[in-house]
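Residue numbers (the working numbering), protein chains in the order written: chain A, 72 to 376; chain B, 2 to 283.
Some hints could be false.
What the hints assert, rightly or not - One-sided and incomplete, this derived list gives chain A residues near chain B with beta-carbon spacing under 8 Å:
#1 PHE110
#2 GLN116
#3 MET205
#4 LEU344
#5 THR362
Calculated from the structure, these hints are not laboratory results. Yeah, the Cβ is synthetic: ideal placement off N, Cα and C, and Gly gets one too.
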Amino acid sequence: MGDTWIARKISLSPRVVFPNKILPFLLVAPQLAITLVFFYWPAGQALYQSMLRQDPFGLRTKFVWFANFRKVLADPAYLNSIKVTVVFSLATAIVAMCVALLLAVMAEKAVRGKGLYRTLLIWPYAVAPAIAGMLWLFLFNPSIGSLAYLLRSLGIAWDPLLNGTHAMILLVSAAAWKQISYNFLFFVAGLQAVPKTLIEAAAMDGAGETKRFWTIVFPLLAPTTFFLLVVNTVYALFDTFGIVHAVTGGGPGKTTETLVYKVYNDGFVNLILGDSAAQSVILMAIVIALTAIQFRYVERKVHYG
Amino acid sequence: MIGQSPLRTFTAHAVLILGILIVAFPIYYTFVASTHTLQTILRPPLPLLPGGQLWNNYSEALFGGIGRIGGVSVGQLLLNTTIMALGVAVGKIFISILSAYAIVFFRFPLRMTFFWLIFITLMLPVEVRILPTYKVMVDLGMIDTYAGLIIPLIASATATLLFRQFFMTIPGELVEAARVDGAGPWRFFFDILLPLSRTNIAALFVILFIYGWTQYLWPLLVTNSNDMNTIVIALRKMVSFADADTEWHLVMVTAMLAIVPPILVVVLMQRWFVRGLVESEK
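Model the full structure from these sequences, guided by the hints.
Here is the structure:
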């Protein structure tokens, strides 16, 4: 488990330490103070509020145990939002990773100009997700978008402002576009770690290039791929709030309302506090699960080198 | 190296160039749009080459005010965003290097409790505690302040874990030698630890600067007044597809100004950026 991994790491820390007794407390104090005030206190409040319910006038508050959770999980709008989130996250992760893997493999082959290609491919990392969304919306919006114009002249009735599927395609494209550079860098690092001797041996045994990739390189990339899958899922779940908020606002007709957007909308815009808090707690559980998966994976990597 | 047929090499270059076109096109086209008049932008398709309005559009956005966001100039927005990005990057590095130092080089009661308290914040991103955190900000009077934009974001486990991991690779003999020579903890920190951490700090700085610059949800929550907005939030306020009076040429200039500074940081500090990214996440 993760605990034993961390315990093992800690036993490696230098035994030689400074004898001061007060100083270390002062050193951790700033981070601890901020952590308690802005992380633990609000998270505790979210937990507490998730079990409260206010009457419609906000005059009385009642402790209702898990009723809010039951209400949220039975709500068709919430179930829809789960579906939207799963579709959006999977599509974003798969598109971003496939494109990045293809480019990384090609960059490995192109001996010349590798550095230049890398420089030209890492730009989007620096673009805020919300801006990425707005740039794509500028290109593809039905009234002034030049690429939307192109699509229409090809006979496609493209309208992401009215058609939910089109809106989802636009969001996935923008979100995946921004993430390509990140995945590209990790796949390049992963490919460089594949031993050249293995590939040469396979080539001598007569394995063609495509076969070499799928039987040797791809399996050896598995740890990188799995790591990126987790990171991309977390990215699609949380960091893309800006894209949804800036591009579609959850619409048209809730077809792009992701879980994080719904927490924001219910709590901040519609002011349904109990429901929003219950949704926050559900999200917290998802993050904890994903972090646990990530750390289990790290542990495995430590064991098997 | 196994020999490749020229055709394969050609394919590789072709795919890469296509990839670069896809990656660069939205940014290039934004630049093109930022050099045309509003009238040209409103009549698609937009030309593929820049127009002649570069100077007019940029000076209007930078020094004039923009109507839709209460007459605030893009210069003010850039200042806000720079303060926030620098504040987050420097603040995070500062507090996490101190706490990692304490956790690795000292032994004190509750040491592991503190470590776990910091570690668990990995699992509490702002998205899962939006409303209560907003309430804390209101209670502390931190809405519409730089402190409000920066301080709650500077506590995070990632930087602390990274420094801790690095500090643990420093041999105990070094500490011993420093102590024998009569160096106290501060002397050791400034003369040995800090110089050794230089590349780690540079790598982390690039990542955190980008992180601070591209924040969305947090500035959306804690800034109400237009002149405290970051450039990303202001851009969102400037765009409206519902009504016709969006000043697209200014929107495009603002978008360019919002993406160029972090792109420059990434490209110019590429070496540290790639290192920081690949190492800090592993």
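Right, here's what the structure says about each hint:
no. : hint   : result
1   : PHE110 : holds (5 Å)
2   : GLN116 : holds (4 Å)
3   : MET205 : holds (6 Å)
4   : LEU344 : holds (7 Å)
5   : THR362 : holds (5 Å)
Figure legend: structure checked against the earlier numbered hints; every hint is met.
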